[in-house]
Amino acid sequence: MNNPTVVITGIGAVTPLGLNVASSWQRLIAGAEVRTPVTLFDVSGCRCQRGAQVSLPDMPEVDPRRLRRWSRATRLAAPAFREALAMAGMLDAGGFSTRKHLTLSVSTTGGAMALAEHYLRGLLAQRRGPGRVFELAHYQAHHQILDLQDHFGFRGPLSIFANACASGANAIGHGADLIRAGLADLVVTGGYEPLTELIYVGFDCLQAMSTDKCRPFDTARNGLMLGEAAAFLVLESEAHARQRGADILGVVAGYGHSTDINHLTQPHPRGVALLSAMRQALAEANLTPNNIGYLNAHGTATPLNDASECAAFAELFTGDSANVRISSTKAAIGHTLGAAGAIEAIFALQALRTGVLPPNLNIRQAETAIAARLVTEGERPVSLRATMSVNLGFGGANAALVFTKYMEGEPSGEPRLSRGIALQPPLAIVGVGTVQPESETQHMAGLAGREWPVRRVNGQRPELARWQTETRVRRASGLTVFMLEAARQAVDAAGGASVVNRATLGIVAAYHTGVLASTGKFFQNVIKDGQRFASPNVFPETVFNSPTSHLAAVLGAGGPSYSVVADESAWVSALQVAATWLANGLVEHVLVVAGEELDPLALDAYATVRWLRRGGAFVPAEGAGAVVLRRAAANDPVRITGLAEGFTHRNKAQAHSAAAQLFARFPGVRDVCLTATGTVWAGLEREFHARHSFQVPAGRPDCGAAFVASAAWQTTWAAAQVPALGRQLLVPVWGHSAQCSALLLAGTSGT
Amino acid sequence: MPNVSIDDLRKLLIDNCILKTNPAAITASTPLFGPDSIGLDSLDALQMTVGIEQRYGIPIKDSETARKVLQDLGTLRQWLAEQPDPNGAAK
Numbered sequence: 003m004n005n006p007t008v009v010i011t012g013i014g015a016v017t018p019l020g021l022n023v024a025s026s027w028q029r030l031i032a033g034a035e036v037r038t039p040v041t042l043f044d045v046s047g048c049r050c051q052r053g054a055q056v057s058l059p060d061m062p063e064v065d066p067r068r069l070r071r072w073s074r075a076t077r078l079a080a081p082a083f084r085e086a087l088a089m090a091g092m093l094d095a096g097g098f099s100t101r102k103h104l105t106l107s108v109s110t111t112g113g114a115m116a117l118a119e120h121y122l123r124g125l126l127a128q129r130r131g132p133g134r135v136f137e138l139a140h141y142q143a144h145h146q147i148l149d150l151q152d153h154f155g156f157r158g159p160l161s162i163f164a165n166a167c168a169s170g171a172n173a174i175g176h177g178a179d180l181i182r183a184g185l186a187d188l189v190v191t192g193g194y195e196p197l198t199e200l201i202y203v204g205f206d207c208l209q210a211m212s213t214d215k216c217r218p219f220d221t222a223r224n225g226l227m228l229g230e231a232a233a234f235l236v237l238e239s240e241a242h243a244r245q246r247g248a249d250i251l252g253v254v255a256g257y258g259h260s261t262d263i264n265h266l267t268q269p270h271p272r273g274v275a276l277l278s279a280m281r282q283a284l285a286e287a288n289l290t291p292n293n294i295g296y297l298n299a300h301g302t303a304t305p306l307n308d309a310s311e312c313a314a315f316a317e318l319f320t321g322d323s324a325n326v327r328i329s330s331t332k333a334a335i336g337h338t339l340g341a342a343g344a345i346e347a348i349f350a351l352q353a354l355r356t357g358v359l360p361p362n363l364n365i366r367q368a369e370t371a372i373a374a375r376l377v378t379e380g381e382r383p384v385s386l387r388a389t390m391s392v393n394l395g396f397g398g399a400n401a402a403l404v405f406t407k408y409m410e411g412e413p414s415g416e417p418r419l420s421r422g423i424a425l426q427p428p429l430a431i432v433g434v435g436t437v438q439p440e441s442e443t444q445h446m447a448g449l450a451g452r453e454w455p456v457r458r459v460n461g462q463r464p465e466l467a468r469w470q471t472e473t474r475v476r477r478a479s480g481l482t483v484f485m486l487e488a489a490r491q492a493v494d495a496a497g498g499a500s501v502v503n504r505a506t507l508g509i510v511a512a513y514h515t516g517v518l519a520s521t522g523k524f525f526q527n528v529i530k531d532g533q534r535f536a537s538p539n540v541f542p543e544t545v546f547n548s549p550t551s552h553l554a555a556v557l558g559a560g561g562p563s564y565s566v567v568a569d570e571s572a573w574v575s576a577l578q579v580a581a582t583w584l585a586n587g588l589v590e591h592v593l594v595v596a597g598e599e600l601d602p603l604a605l606d607a608y609a610t611v612r613w614l615r616r617g618g619a620f621v622p623a624e625g626a627g628a629v630v631l632r633r634a635a636a637n638d639p640v641r642i643t644g645l646a647e648g649f650t651h652r653n654k655a656q657a658h659s660a661a662a663q664l665f666a667r668f669p670g671v672r673d674v675c676l677t678a679t680g681t682v683w684a685g686l687e688r689e690f691h692a693r694h695s696f697q698v699p700a701g702r703p704d705c706g707a708a709f710v711a712s713a714a715w716q717t718t719w720a721a722a723q724v725p726a727l728g729r730q731l732l733v734p735v736w737g738h739s740a741q742c743s744a745l746l747l748a749g750t751s752g753t
Numbered sequence: 021m022p023n024v025s026i027d028d029l030r031k032l033l034i035d036n037c038i039l040k041t042n043p044a045a046i047t048a049s050t051p052l053f054g055p056d057s058i059g060l061d062s063l064d065a066l067q068m069t070v071g072i073e074q075r076y077g078i079p080i081k082d083s084e085t086a087r088k089v090l091q092d093l094g095t096l097r098q099w100l101a102e103q104p105d106p107n108g109a110a111k
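Sequence lines, in order, name chains E and U.
Per this note's numbering, the first sequence starts with residue 3, numbered consecutively.
Per this note's numbering, the second sequence starts with residue 21, numbered consecutively.
It should be emphasised that the hints constitute simulated quantities derived from the structure, not laboratory data.
Take the hints with a grain of salt, since some may be wrong.
[Said to hold, decoys possible] Below 25 Å or equal to it, Euclidean Cα-Cα: the simulated SDA-like pairs (lysine to any residue) are: (1) U/K40 - E/E472; (2) U/K40 - E/N264; (3) E/K530 - U/K81; (4) U/K40 - E/F535; (5) U/K40 - E/N527; (6) U/K81 - E/E472; (7) E/K215 - U/S83.
[Unchecked claim] Rough simulated footprint, nothing fancy, chain E against chain U, three-plus residues with beta-carbon under 8 Å: (8) 31-43; (9) 60-68.
Just so you know, even glycine gets a beta-carbon here, dropped at the ideal spot from N, CA and C.
Kindly generate the complete structure, drawing on both the sequences and the hints.
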């Protein structure tokens, strides 16, 4: 059976140009641009002080008490999400989603970072008050998604990608991959990004922003303009869309992604990773470059980005494909980071549907290599067969999407009306690695000075200390070193270079607090010394996917790489990404890795939310865990046979219901790991174990609570038990604030 | 600008650029960038301009000047000596 065709049935956008797709598009093609003084936060210490802000809409349909609790990120996202669902015919008269189970694949780089900035300023000023708990509980990306779930009345599996500026395209690509792999019938994808001080100051200190106009592909371009936006697309299998009679706007015909390991912030000058992503996308779409009539470029207007893109476009679009029309839309709406790939995909789709091409703005002297291909203002509409949108990000994430017009035909594949937990094919765990804390509990002080018991990793262990000589990671915090060592062990255990082909090895990294040590260091420096003296050396390390990028570079991994963020459940989302890549035949091996690093700032946060309290069972920890996966054969000794996600919750009653639903998905399983010790889930887990008389394998060492790293350790420990157990073993992954998930392991003994 | 010692500049370099190099091995003529250098890159160049302005109150205003000034600690010391004292802004 052919893979299902992935179609688009709804789009929605909030941009600096307009509060929906139609108004944004009309102003875009008319050549409008937004470049105004930034008023959302103080920029008086910055070199650049302008950007593309959104004038947020009134939202009378939202309960004012709920609206007051929404961050700017949610306020940007909700209207765009509503528009996409409405266009897809998935909103009822009350404004709720008609589907109560909805899979999401979304992206952002900062989430609601402004809340975290306010928390940190308050902490340093020794401010007290109830607002601090709210700020901590709502700044991370999954909370904006929970806001959307609450408001639109649905639950479901949630994957959040933080691959820097390519994330939006990756989120769409992953949504399409899930449908092609038969793991979902309908996925809402997209991205959102509000302007925040931390990110704005970061780009300013890199001197990456222009104090003049933003001029993509101009020879005198001197920097980008930051903007903010949200954009969502409803993707579904063609069969599913036709079955429910949805209007089809276009087809996600191809997706390609790759990792550029040239430098953390500088793309390869010849754009080799971008070329690879574009060629993959064309191959999947079964098209050639001359089929692409319009390309929405990343076009940030930094000297290096645009030069790299020009080289790649000039190489791919030659001969009879040299007529491709290319534009960057970032002069009009700014660089919207985690939203960029999603909003630009919508622009590429709109070009395909209407034949109208968004013009390049502010070009005085075009880059010679692609000058003839650049769209100018006032070009006549053309008939297009296919369009492409490309994005490049910090850390080397490159992505390309190809859209084609929908031609009604026989639906390919059967509609899948529910998401199964069984993996086809199952995944073999062929290598594991762990970096776990020392056995003794130590004491560590938070920023406020109070000491708490913690479980730390001694970075001077020889196997860790040796990574510190790697030039690539000299600016990185301990998190990268922990993850590197766990990854090295897992790859070696899988057979090393003779078995695992580094050139095609894919990497999926899962994070909870992630790069908090670097983020906290950077912003404390901004608060104490002023925006003018923000650190260019630290800012790139605050980008969520920087450890992932370092891993790819140091290991020489040439396959795709993703960074997945949330709570502990990000580990299962990361395994799900790996399952998708392996099911679709994208790569032969995937390294899935998770890490956690203790930081004084995090200790204050845990004390603020009262996880840390005198005599409490919660002992925060650090370290990393990794597995290497491939498609399983029947006699592989350790296999992941099922993954379950999507049991999201926001309070104790919802958590109880989510846990009940999770266990109900595994009716025949009797052997279940106890994994919530020391976390907020411990009582609930004990209750379910008592009720169901689960058998619990004994002996898992207590390493403290290290969120995604703990989930990885539980997996590697359970993987060591299943061959002898001879039965299926369920490993619950209790996400403390987003979703509870689980993976099912099966083993074959005596092999 | 009063004379700044190579030791001061070495400390500035170590404080700002996260180096694994033995500080004692960095002399006035050790190249900071390029082949046979201590391996700084463009991010370090930006970081050094921030660090110099923060410590001495003297901004390096463009990348061409930065390239000239940041060849080694000797060129940096020479350039600082040529700059007018920014009204005692040194910290």
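Consistency of the hints with the structure:
no., hint, verdict
1, U/K40 - E/E472, "holds, 9 Å"
2, U/K40 - E/N264, "holds, 21 Å"
3, E/K530 - U/K81, "holds, 23 Å"
4, U/K40 - E/F535, "holds, 23 Å"
5, U/K40 - E/N527, "holds, 22 Å"
6, U/K81 - E/E472, "violated, 32 Å"
7, E/K215 - U/S83, "holds, 20 Å"
8, 31-43, "holds (count 5)"
9, 60-68, "holds (count 6)"
Against the hints set out earlier in the document, a violation occurs for number 6 only.
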